[in-house]
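A.B. asks: Read top to bottom, the protein sequences are chains D and P. For the first sequence, the residue numbers in the numbering used here are 151 to 376. For the second sequence, the residue numbers in the numbering used here are 442 to 746.
Hint data in this document are derived by calculation from the structure and do not stem from the laboratory. Just so you know, even glycine gets a beta-carbon here, dropped at the ideal spot from N, CA and C. Each hint should be verified, as a subset may be incorrect.
Derived CB-CB ranges, DEER-like [as the list claims (entries may be wrong)]:
#	chain 1	residue 1	chain 2	residue 2	range
1	D	G178	P	M442	34 to 44 Å
2	P	M442	D	P269	19 to 29 Å
3	D	P221	P	L688	40 to 50 Å
4	P	V678	D	G178	50 to 60 Å
5	D	G276	P	V678	42 to 52 Å
6	P	E649	D	G276	19 to 29 Å
7	P	F693	D	E248	49 to 59 Å
8	P	I631	D	P177	27 to 37 Å
9	D	S266	P	V459	46 to 56 Å
10	P	L688	D	K273	55 to 65 Å
11	D	D319	P	V678	45 to 55 Å
12	P	E649	D	D319	19 to 29 Å
13	P	V445	D	P177	54 to 64 Å
14	D	P221	P	V610	55 to 65 Å
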Amino acid sequence: MIRFKNVSKTYPPDVIGLQNVNVHIRPGEFVSIVGQSGTGKTTFAKMLIAEERPSKGQIVVGGWDISAIKPSEVPLLRRQIGVVFQDFKLLPRKTVYENVAFALEVCGASAKKITSVVPQALKIVGLTGKADRYPRQMSGGEQQRVVIARSLIHRPKIIVADEPTGNLDSLNTREIIDLLKKINEFGTTVVLVTHNRDVVNELRRRVITIDRGMIVSDQEEGRYLL
Amino acid sequence: MSFVSTIRVIKFAFQNFVRNSWMTVATVSVLVLTLVSLNMLVAMNVLGKVALSAVRSKIDVSVHFRPDVDDNRVQTVKIFLLSLPEVKDVTYLSQADALTQFNQTYHADAGIIEALGEVGQNPFGATLIISAHNLEDYPKIMAALDDPLYADVIEAKDFDDRQAMIARVEAVSKKLELFALAVSAAFGFIALLIVLNTIRVSIFARKEEIAIMRLVGASSGFIRMPFYVEAVLWSVVALAVCAMIVLPAFMFSQPYLSDFFGTDSVDLLGFYAANAALIVGAEFGATLLMSCITTKMATAKYLKV
Ligand SMILES: Nc1ncnc2c1ncn2[C@@H]1O[C@H](COP(=O)(O)OP(=O)(O)O)[C@@H](O)[C@H]1O
Ligand SMILES: [Mg+2]
Numbered sequence: 151m152i153r154f155k156n157v158s159k160t161y162p163p164d165v166i167g168l169q170n171v172n173v174h175i176r177p178g179e180f181v182s183i184v185g186q187s188g189t190g191k192t193t194f195a196k197m198l199i200a201e202e203r204p205s206k207g208q209i210v211v212g213g214w215d216i217s218a219i220k221p222s223e224v225p226l227l228r229r230q231i232g233v234v235f236q237d238f239k240l241l242p243r244k245t246v247y248e249n250v251a252f253a254l255e256v257c258g259a260s261a262k263k264i265t266s267v268v269p270q271a272l273k274i275v276g277l278t279g280k281a282d283r284y285p286r287q288m289s290g291g292e293q294q295r296v297v298i299a300r301s302l303i304h305r306p307k308i309i310v311a312d313e314p315t316g317n318l319d320s321l322n323t324r325e326i327i328d329l330l331k332k333i334n335e336f337g338t339t340v341v342l343v344t345h346n347r348d349v350v351n352e353l354r355r356r357v358i359t360i361d362r363g364m365i366v367s368d369q370e371e372g373r374y375l376l
Numbered sequence: 442m443s444f445v446s447t448i449r450v451i452k453f454a455f456q457n458f459v460r461n462s463w464m465t466v467a468t469v470s471v472l473v474l475t476l477v478s479l480n481m482l483v484a485m486n487v488l489g490k491v492a493l494s495a496v497r498s499k500i501d502v503s504v505h506f507r508p509d510v511d512d513n514r515v516q517t518v519k520i521f522l523l524s525l526p527e528v529k530d531v532t533y534l535s536q537a538d539a540l541t542q543f544n545q546t547y548h549a550d551a552g553i554i555e556a557l558g559e560v561g562q563n564p565f566g567a568t569l570i571i572s573a574h575n576l577e578d579y580p581k582i583m584a585a586l587d588d589p590l591y592a593d594v595i596e597a598k599d600f601d602d603r604q605a606m607i608a609r610v611e612a613v614s615k616k617l618e619l620f621a622l623a624v625s626a627a628f629g630f631i632a633l634l635i636v637l638n639t640i641r642v643s644i645f646a647r648k649e650e651i652a653i654m655r656l657v658g659a660s661s662g663f664i665r666m667p668f669y670v671e672a673v674l675w676s677v678v679a680l681a682v683c684a685m686i687v688l689p690a691f692m693f694s695q696p697y698l699s700d701f702f703g704t705d706s707v708d709l710l711g712f713y714a715a716n717a718a719l720i721v722g723a724e725f726g727a728t729l730l731m732s733c734i735t736t737k738m739a740t741a742k743y744l745k746v
């Protein structure tokens, strides 16, 4: 599903983002990417959605080599990967429903499709009754669930979540992780970037540890090492 | 782009247009100023031509004969002049006519009339008033009259003054046009800066939406297009406002201008009506081109998609 071959990323002038990374993530996996701050986890996630290009090496997603993807093709890639990013918020002036619908609207979906798909996505994240609320009327955990609902809107094969529980308390964190697990059980590949030790240790899934841009450990059913 | 996307792009553009209302007002205003000054340029061009043709139509050359010259000689010269292809018409003014005309011109000035009386006899010679087909032909006609055969009987030819007047009218209207052009260019430049800034603010106001659009897979065309549509909206509104200013202004000033130039041929509205498609097309095209190029610059600079 996802393959990094000898991927390096250097930010100009010479800041190392990633160094010679080799990873293969199979369909349906739930992979945690862990590591200290500034080690290249976000860089990894961004390269997956072609937000950054590798300086060296090759990245293949679903059989598609995106190492040198054309700008005009990036939207196609993004419609196949659901994204939950740290600084990727909800629009405060739109309701929950409108925030989720927005992702379909701007991709040219018909009104009919929007009215059928948005309630489904809200149902999956358990927010059916709160469709008409505004983000400020919701808890941090609920807001993050709206973001996840939005990332599901194109029925992606892959979901990339970069520190989705970063600002949440342990209860809300558990809810979000449970939701991601549920989505993974439907068959969606989940790439979870986190530095939450408890989350990783409880998941008992594959853990890739990055340090200073390099993969230092890759374990099936791993634990948080650092 | 599909039909629904087009509708949504237009909706987005209208939102920008309405949400940043003060920016919209400023942008449209400066576009209107530019357009109005451009129309002043057009009007000046038309008026300059009117002024010139008014002056030209009044141009003729008076050839004054010596008072002692026999009338037959004068008639010979007239026939000679009429034989020239450049000459349109020659009017004969006898010695008596010249005196009457003089008296009419100066009837209010007792001193001059008195002085004339003291001369005791008619001091004026006959006059031939020549009008040519073309202004450019006068020098040729004058040259023909320089022939000694005629030069001996001619006292004076007056033409030079009017040439100076034409030159003056031409110079003034050129200067006015240049001034209007400079003003238009200055407004155009300011308009460019303001449009650039408005789009920058517009992009900034939508920063989060744009970030989301990119990450959920909206095409770059969809993200950019609203800003172009907004530029089209500005152009349309500016042109409409400009028409609402310029046309009534012409209607109001037309009688005064006609009076001023002493001719009925001042017809700015008529000129605009006759060239409506060209004028509206050119002005709308120019505004649109300017705002679209600016939009391209702004989106290239501030919209990384
Ligand atoms: N756009 C960028 N320009 C320059 N350096 C960057 C940029 N993004 C990240 N970096 C640097 O790359 C390294 C890895 O960053 P990042 O992938 O964000 O780490 P993490 O997500 O693990 O905290 C850091 O040293 C960071 O400063
Ligand atoms: Mg990070």
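A.B. asks: Look at the Cβ atoms of D319(D) and V678(P) and judge whether their distance stays inside 45 to 55 Å.
C.D. replies: At 51 Å between Cβs, range holds.
A.B. asks: Has the hinted range 49 to 59 Å been met by the Cβ atoms of F693(P) and E248(D)?
C.D. replies: holds, 51 Å
A.B. asks: If I claimed the Cβ atoms of E649(P) and D319(D) lie 19 to 29 Å apart, would that claim hold in this structure?
C.D. replies: holds, 25 Å
A.B. asks: Confirm or reject the claim that V445(P) and P177(D) have a C-beta distance inside 54 to 64 Å.
C.D. replies: violated, 32 Å
A.B. asks: Range hint 50 to 60 Å: satisfied by the CB atoms of V678(P) and G178(D)?
C.D. replies: About 55 Å separates the Cβ atoms of V678(P) and G178(D), which means 50 to 60 Å holds.
A.B. asks: Just tell me: holds or violated, for the beta carbon distance of P221(D) and V610(P) against 55 to 65 Å?
C.D. replies: holds, 59 Å
A.B. asks: How does the Cβ-Cβ distance of P221(D) and L688(P) compare with 40 to 50 Å: does it lie in that range?
C.D. replies: Cβ of P221(D) to Cβ of L688(P): about 46 Å, so the range 40 to 50 Å holds.
A.B. asks: Do the beta carbons of G178(D) and M442(P) sit within 34 to 44 Å of each other?
C.D. replies: holds, 35 Å
A.B. asks: For the pair M442(P) and P269(D), does the Cβ-Cβ distance stay inside 19 to 29 Å?
C.D. replies: Taking Cβ atoms as reference, M442(P) and P269(D) lie about 27 Å apart, which means the hint holds.
A.B. asks: Mind checking the hinted window 19 to 29 Å against the Cβ distance between E649(P) and G276(D)?
C.D. replies: holds, 25 Å
A.B. asks: With respect to the beta-carbon atoms only, verify the hint that L688(P) and K273(D) lie 55 to 65 Å apart.
C.D. replies: Roughly 60 Å apart at Cβ, these two residues keep to the hinted range, so it holds.
A.B. asks: Verify the CB-CB distance for I631(P) and P177(D) against the hinted window 27 to 37 Å.
C.D. replies: Violated, at about 58 Å.
In summary, the numbered hints that this structure violates are 8, 9, 13.
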